[in-house]
Structure formats: C-alpha cells, structure tokens
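Peer 1: Those protein sequences? They're chains A and B, same order as listed.
For what it's worth, our numbering labels the leading residue of the first sequence as 2, then goes sequentially.
For what it's worth, our numbering labels the leading residue of the second sequence as 2, then goes sequentially.
Hints were generated in silico from the structure; no laboratory data involved.
Incorrect hints may have been included.
Identical copies go unnamed one by one, so any copy, or any two together, can satisfy a pair.
To be verified - DSBU-like cross-link-like pairs, simulated, lysine-lysine; straight-line CA separation at most 30 Å:
hint : residue 1 : residue 2
1    : LYS273    : LYS66
2    : LYS257    : LYS48
3    : LYS127    : LYS48
4    : LYS152    : LYS127
5    : LYS66     : LYS48
6    : LYS273    : LYS127
7    : LYS152    : LYS257
Number of protein chains: 2
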Amino acid sequence: MTDHSSIDYFTEERSVEAVNARIGADCHDRLATVMESLVRHLHAFVKDVELTQDEWGMAIDFLTKTGQICDENRQEYILLSDVLGVSMLVDAINNRRPTGATENTVLGPFHVGGAPDYPMGTNITKDGARETCLFEGRIVDLDGNPIEGAKLDVWCDNEDGFYDVQQPDVQPPFNNRGIFTSGADGRYWFRGIRPVSYPIPDDGPVGQLLGHLGRHPFRPAHMHFIVSAPGFDTVTTHTFVDGDPYLTSDAVFGVKASLITEYEPVEDGDTKWRSHFDFVLHRQNTQ
Amino acid sequence: MTDHSSIDYFTEERSVEAVNARIGADCHDRLATVMESLVRHLHAFVKDVELTQDEWGMAIDFLTKTGQICDENRQEYILLSDVLGVSMLVDAINNRRPTGATENTVLGPFHVGGAPDYPMGTNITKDGARETCLFEGRIVDLDGNPIEGAKLDVWCDNEDGFYDVQQPDVQPPFNNRGIFTSGADGRYWFRGIRPVSYPIPDDGPVGQLLGHLGRHPFRPAHMHFIVSAPGFDTVTTHTFVDGDPYLTSDAVFGVKASLITEYEPVEDGDTKWRSHFDFVLHRQNTQ
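The task is simple: from the sequences and hints, build the whole structure.
Peer 2: Laid out in structure tokens, this is it:
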C-alpha cells in the first residue's frame with residue numbers, strides 16, 4: 002500500500018491551506034485573491050465559534066431560503082448584505098473622497114432608470130400629498146464653484162412608505178421620481194413630499210433574522226439622489242430628515258451625519274416645508 | 002438642528018462595531034456570539050480584498066443562483082460548503098477523538114435511512130457487478146476489545162458512479178446499501194462492488210466556480226459507513242480505495258490518510274477483491 006503519511010490531507014489545523022492549495026495555475030489572479038481571502042476568513046469564523054453540526058444545518062437552510070425567495074421584484078440577498086452592513090462597507094471602500102465632498106450612501110433596490118427630465122421647480126409627487134416640500138440647493142466643486150450641466154436623479158417613497166415600483170397598481174408610473182439639470186449658477190430646486198420612514202421587506206428569512214437579533218426593519222425617512230457631472234465623481238446618496246426616530250438605528254446603516262438635513266417649516270401656498278442641501282462634487286482624477 | 006457629531010454612525014473604520022452594537026438585549030446568547038463573529042470576519046474579508054461594487058454584484062448573483070437551483074433532490078449550498086472545506090471543518094471540530102479511534106469524514110448528501118438489515122456476508126449490490134469485493138474487519142474499542150451489537154450502516158455508488166437515489170428509474174431500491182450488526186466477536190463481513198470515483202453535480206453555480214478556480218469536481222472512490230454502538234461515539238466515515246487518482250484532490254476534502262484502505266486481489270469464486278478495515282470506537286464521556 003502507498004505511504005500516505007507524508008501527504009498533507011485536510012486537517013482542522015491546516016484547513017485553509019488545504020483548500021487554497023487547490024486553486025489552479027490558470028485561475029484568474031483576482032478570483033484567486035478573493036477566494037483565498039474568503040476561505041481564510043470563513044474558516045476563521047467557523048473555528049472562532051466552533052460551529053456545531055446543527056448550526057451548520059440551520060445556516061444551509063437559511064442561505065437556501067434566502068435564495069429561493071428572490072425573484073425579479075425581490076432581492077433578499079441584497080437585503081441580507083444591507084442588514085449585515087456589507088453593502089455600506091463596499092460602498093464606503095469604493096467611494097473614499099476628500100473632506101468636504103458629499104458622502105455616498107447605498108443605492109438601494111428601488112432606483113429606476115429612465116425617469117422623466119423635468120424643468121426646475123416641478124413637483125415629482127403624482128399621487129397627491131398632504132404637504133409639499135421644496136428641495137433646493139447648489140451643486141458645486143470643492144472650491145465652491147457652481148457646476149453647470151449637473152444631473153440630479155431623485156426618488157423617494159410616497160406618504161404610505163412605498164416606492165412606485167412596489168405598488169405598480171396603486172401609484173402612477175414614475176411617482177416621486179425625476180431628473181433635473183443645473184444651469185450656470187449650479188442651483189437646483191424641485192417639489193415633492195417630505196419622505197417618510199418605512200420598513201424594508203421583513204416577511205422573509207432576513208426579516209426573521211432581524212427579529213431573532215432584536216432589531217427592527219425600519220429605515221429613517223430619506224430622499225435619494227444620484228448627482229453626476231462630466232469630469233466629476235458621481236455621488237449616489239440620500240438626504241435624511243432630521244428628527245426621524247430611526248436615524249440612529251437605520252436597518253441598513255445608511256446614515257451619515259453629513260447627510261442629515263433640516264426640514265424647515267415655510268408658508269408658501271401648498272409648500273409647507275423646505276429642505277436645503279448643497280452637493281459638493283470631487284473632480285475625477287485624470288489618469 | 003440636532004447635533005449629530007457625537008453619534009457613532011457607520012464608518013468604514015468602525016463598521017463591525019456599528020453593526021454588532023445593534024444586537025438587542027433579548028437576542029439568544031449563542032445567536033449573538035455567532036452573528037458577532039460572522040460580521041467581524043465577513044467585514045474583515047471585504048476590507049482585505051477591497052471588494053469592488055461589481056464583485057459584490059457578482060457575489061449577490063452567485064448566492065442567489067445557488068439557492069434557486071436547490072430542490073428536494075439537490076442541495077447546492079451543501080455542495081458549496083463542501084468545496085470550500087467548510088463541511089469538513091465543521092465535521093472535524095465536532096468529532097475530535099483520541100489517537101487510535103477511527104476518524105470521521107463528511108456524511109455526504111446520499112445517505113438514506115431505513116436500509117435493509119442483512120445477515121453478515123450478504124451482497125448489497127443488486128444491479129450486478131463485474132467484480133465482487135469482500136468488505137471485512139472488526140469493530141473494537143480503544144483497548145482492542147470486540148464490540149457486540151455494533152451497527153454498520155453502509156452505502157456506496159454503483160459501477161457507473163451513481164447512488165441509487167440519483168437514478169430511481171435505473172437502479173433497484175437500496176442498491177448498494179445495507180445494515181449489519183456485529184456479534185460477540187465484533188467481526189463484520191459483507192459483499193458489494195469496489196466503489197468508483199465520480200464527479201459531484203457540476204452543472205450548477207458550484208460547478209462553474211470549480212471550473213473558474215481550475216479545480217475538478219471528482220471524489221475518489223469510497224465506501225460510506227456509519228458505525229454506532231450503545232455507549233460509544235458514532236463514527237460517520239468512508240474508507241477510500243488506495244491508488245485512486247483523486248485521493249490527493251478530493252473535491253470535498255474528505256480524505257484522511259487513516260481512512261485509505263488497500264483493496265487486495267483475491268480468488269474466491271466471484272469475489273475478486275478484499276478490503277479489510279477495523280473500526281475503533283471511542284467510549285462516550287459519561288456526564
């Protein structure tokens with residue numbers, strides 16, 4: 002019989018090395034780097050907690066159900082990434098900017114391409130609103146110079162806490178969505194509702210996990226923005242409503258102090274609120 | 002406006018603390034321990050490789066597809082755990098035994114309860130075999146004393162590399178499966194085929210991943226055993242066929258040197274091979 006004593010078979014101690022030694026010479030370098038690190042950290046986790054066979058079975062079951070509830074309208078794995086802070090971490094790593102530039106936050110699952118182009122001042126709320134809010138401010142560079150031709154792609158939920166795409170039979174198409182383009186003064190202004198806080202979908206495996214962890218599924222009220230201009234880093238962000246009870250416990254960890262915005266009461270016809278926010282864009286590094 | 006500067010919102014640097022601080026006081030202690038560790042290691046992985054937004058998207062897509070291909074006959078998440086060495090690591094952590102006791106390896110997805118009880122010597126292969134193999138040995142304790150009443154639950158693939166449950170329309174029920182019970186001498190013996198190597202299912206996301214990593218999907222030939230006896234730790238293991246070309250590259254990392262068994266040629270009627278293996282059971286700790 003062959004002598005097998007000199008061969009490095011899998012052991013608890015050398016589990017990471019045993020798995021990573023198998024990667025072939027023809028594997029793409031970046032895939033090899035990512036998978037080697039994944040295996041190292043995944044095995045460290047299993048060893049750290051000494052995962053039991055039953056817990057492993059529960060994990061397999063959870064991961065399977067999380068995939069199976071996904072369809073074209075529901076992405077439970079993005080939710081899982083969100084509630085574990087992974088989405089925000091990836092966003093942070095890929096959008097480091099100098100102090101003073103507007104910070105990014107998560108895109109979220111409800112952005113829709115092809116929203117209507119509107120002239121400044123348009124009200125994006127098509128299903129009525131108890132109280133209208135004016136959103137206004139400037140788009141400038143890090144030196145405070147106005148940026149002409151910047152595009153603001155904006156969207157938010159309605160007063161019931163749902164995005165139009167969540168209620169295609171209830172809300173008009175492109176309700177609370179629009180695209181605005183700045184002029185030479187870099188100013189923007191449009192009307193809509195004061196956004197409201199809402200729960201992320203919590204009737205699936207991720208919602209159950211949040212429940213077991215003693216966490217709620219709510220996001221604080223926010224208006225989404227993608228602000229882009231030729232020659233500048235695109236900013237994907239929200240502005241949050243100051244005073245919202247969920248600011249310090251956003252289920253997806255999206256809040257940054259610099260993105261919290263005062264909503265001032267005003268008296269201007271139907272317009273009862275005013276939200277001012279200036280977007281500061283960072284010039285792209287020219288290669 | 003509220004002063005938000007003193008509040009610890011999510012940052013790249015404090016991402017782990019931000020997420021783990023949310024676990025509620027009513028969360029089960031063990032769940033809190035497992036999830037805190039998971040978040041710590043998962044974030045360390047993302048930071049280590051500085052995962053890009055595109056790579057994150059590919060990961061979401063992969064995890065989703067891995068869940069969606071699962072059904073009552075296919076468990077792609079167990080395969081994923083297997084090929085990343087996680088199944089073997091969990092098995093190792095939960096089955097540490099003193100030197101000399103038979104080592105565990107993975108159960109695998111093809112065990113079926115309720116196999117027939119057979120008298121010693123029975124041939125478990127019901128679909129014919131080119132060459133019959135005699136499996137024999139003893140079940141003993143760490144001091145070498147025979148164990149009476151030990152149950153051997155055995156199963157393997159057929160000569161085409163498929164388990165009966167993978168081919169319900171082709172193979173007879175309980176083909177290559179059976180349960181044997183030892184007498185006072187602790188001996189066992191039964192007949193079957195020399196198992197053959199086979200690929201794990203590789204037409205799904207896990208098979209694609211293996212391909213990208215430059216890895217093959219094959220498992221070396223093995224006979225499965227669950228050996229149990231009152232008062233002893235149950236051993237779930239395989240014996241591997243010495244000389245198999247996949248012994249050092251088992252797709253699921255199941256091989257241990259102590260489980261590799263010589264298959265000796267013999268001349269005894271139809272019986273052309275003999276595989277000898279002694280199972281050494283470890284007495285359970287009495288609490």
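Peer 1: Checking an output row: LYS273 and LYS127, CA cutoff 30 Å. Within, between, both or neither?
Peer 2: Classified as within; 17 Å inside a copy, 82 Å across copies.
Peer 1: I want to check one pair: LYS273 and LYS66. Are their C-alpha atoms no more than 30 Å apart within a copy, between two copies, both, or neither?
Peer 2: neither (45 Å within a copy, 47 Å between copies)
Peer 1: Checking an output row: LYS257 and LYS48, CA cutoff 30 Å. Within, between, both or neither?
Peer 2: Close across copies (19 Å), not inside one copy (34 Å); limit 30 Å.
Peer 1: As a check of your reading, is LYS152 near LYS127 (CA-CA no more than 30 Å) within one copy, between copies, both or neither?
Peer 2: So LYS152 and LYS127 pass the 30 Å test inside one copy only (21 Å; across, 72 Å).
Peer 1: Tell me, please, which holds for LYS127 and LYS48 at an alpha-carbon limit of 30 Å: within, between, both or neither?
Peer 2: neither (54 Å within a copy, 42 Å between copies)
Peer 1: Checking LYS66 and LYS48: alpha-carbon separation at most 30 Å within a copy, between copies, both or neither?
Peer 2: Both: 25 Å inside a copy, 27 Å across copies.
Peer 1: Within, between, both or neither: how does the pair LYS152, LYS257 come out at a Cα-Cα threshold of 30 Å?
Peer 2: within (23 Å within a copy, 61 Å between copies)
When the structure is compared with the earlier hints, violations turn up for hints 1, 3 and for no others.
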